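Protein chains: 2
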Amino acid sequence: MTQRISRLEKLLFRMEAQVACLAWAFREIAGKPGIVFEMGLGHGRTFNHLRQYLPDRDIYVFDREVDSYPDCTPAPERMIVGEIARTLPEAAQRFAGQVVLAHSDIGSFSQEHNAAMMSLVSAHLAPALAEGALILSDLPLIVPGATRLPLPEGAREDRYYIYRYSLSALAGTSR
Amino acid sequence: MTQRISRLEKLLFRMEAQVACLAWAFREIAGKPGIVFEMGLGHGRTFNHLRQYLPDRDIYVFDREVDSYPDCTPAPERMIVGEIARTLPEAAQRFAGQVVLAHSDIGSFSQEHNAAMMSLVSAHLAPALAEGALILSDLPLIVPGATRLPLPEGAREDRYYIYRYSLSALAGTSR
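Chains A and B, in that order, give the protein sequences.
Using this note's numbering, you'd call the opening residue of the first sequence number 2 and step up by one each time.
Using this note's numbering, you'd call the opening residue of the second sequence number 2 and step up by one each time.
No lab work stands behind these hints: they were computed from the structure.
Treat the hints with caution; some may be incorrect.
As the list claims (entries may be wrong) - Quick list of the computed label-pair ranges, beta carbon to beta carbon: (1) A:Gly108 with B:Ala97: 41 to 47 Å; (2) A:Pro145 with B:Glu84: 49 to 55 Å; (3) A:Asp72 with B:Glu78: 36 to 42 Å; (4) A:Pro145 with B:Arg5: 35 to 41 Å.
Said to hold, decoys possible - Reference excerpt, derived from the structure (chain A facing chain B, CB under 7 Å, subset only): (5) Ser7; (6) Arg8; (7) Met16; (8) Asn49; (9) Leu55; (10) Arg58; (11) Ile60; (12) Val67; (13) Ser69; (14) Tyr70; (15) Cys73; (16) Thr74.
Stated by the list, open to error - List time: in silico DSSO-like cross-link candidates among lysine-lysine, alpha-carbon distance up to 30 Å: (17) B:Lys33 with A:Lys11; (18) A:Lys33 with B:Lys33; (19) A:Lys11 with B:Lys11.
Quick caveat: nothing in here was measured; it's all calculated off a predicted structure.
The C-beta atom is built at its ideal place from N, Cα and C for all residues, glycine as well.
Excised from the complex, chain A in its bound form (with noise of 0.2 Å):
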């Protein structure tokens, strides 16, 4: 009898942590100004979500293509298409210090995958970052100025990241 859990009890953790996740950071950001970057679009379930729960926000999507179901589509002027490497350091410079809420959900099956992606997120979202925003993710990220914070109830310890982005901490760091 193995404890090892299977995978789909690995995406049912991962998708109760999000949600758990997502739920907190909507009442966090709650009448603070800002847009959402939401880097990974697949099927579009979680746009869908951002878009429930946010109404009001400018939502700007990532991905390599569109291939979401129809009522999880962004329009295209919200959709950046292309790869994370060269559309995420542009993004961040044009959008630079207006995001007050960074998700990523950009993981796949490959371990090579992850690693290349959690290197690009970390190294190029920090410029878009307004101070004190959150950044949630589905991998573990090094963002210069952003701490990570405990996960709130209802979300399985490592099944999901989030982080609070602060100039006055990166300051603290380079001293």
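Mind docking chain B on chain A? Use the hints.
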């Protein structure tokens, strides 16, 4: 403020219900002889789950193609590849009366596809089933001799469906 659930929540609730229903079914069939039918391989997460919790059962998996993760792929002799309209009637004859658990997870975004799948499984599964067999499904089914059961704790109503097959129920309804 809308009360409808998002596509992300819809998938989460379905997976919660699926895992709860399977856990209940694993206990119910413990000690009873019989094989398992898994209809719909997909990426193989549920097959991985079944194999982990039912290590001594023969599990036969149906799908149009094999597109699963390497550690979620059935042995070739347990994989029944092809259109379910052809493969299910054949398999129901080959394994007549031997199936103690049939799990059907073949719904998609398309209502038309779902209606077709519901009819096919409803029409062709029964001959494979052992007396007292359980059917778990992401779509409602109408299998002759199968009676719908309430969902176990942890499964939200109408997110999954459980049926028990019994020849005596069939005799009862034909009277």
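Structure-based check of each hint:
no.: 1; hint: A:Gly108 with B:Ala97: 41 to 47 Å; verdict: holds, 43 Å
no.: 2; hint: A:Pro145 with B:Glu84: 49 to 55 Å; verdict: holds, 53 Å
no.: 3; hint: A:Asp72 with B:Glu78: 36 to 42 Å; verdict: holds, 41 Å
no.: 4; hint: A:Pro145 with B:Arg5: 35 to 41 Å; verdict: holds, 39 Å
no.: 5; hint: Ser7; verdict: holds, 4 Å
no.: 6; hint: Arg8; verdict: holds, 4 Å
no.: 7; hint: Met16; verdict: holds, 5 Å
no.: 8; hint: Asn49; verdict: holds, 4 Å
no.: 9; hint: Leu55; verdict: violated, 11 Å
no.: 10; hint: Arg58; verdict: violated, 15 Å
no.: 11; hint: Ile60; verdict: violated, 13 Å
no.: 12; hint: Val67; verdict: violated, 15 Å
no.: 13; hint: Ser69; verdict: violated, 10 Å
no.: 14; hint: Tyr70; verdict: holds, 5 Å
no.: 15; hint: Cys73; verdict: holds, 6 Å
no.: 16; hint: Thr74; verdict: violated, 11 Å
no.: 17; hint: B:Lys33 with A:Lys11; verdict: holds, 28 Å
no.: 18; hint: A:Lys33 with B:Lys33; verdict: violated, 58 Å
no.: 19; hint: A:Lys11 with B:Lys11; verdict: holds, 17 Å
Of the numbered hints given earlier, the model fails hints 9, 10, 11, 12, 13, 16 and 18; all others are met.
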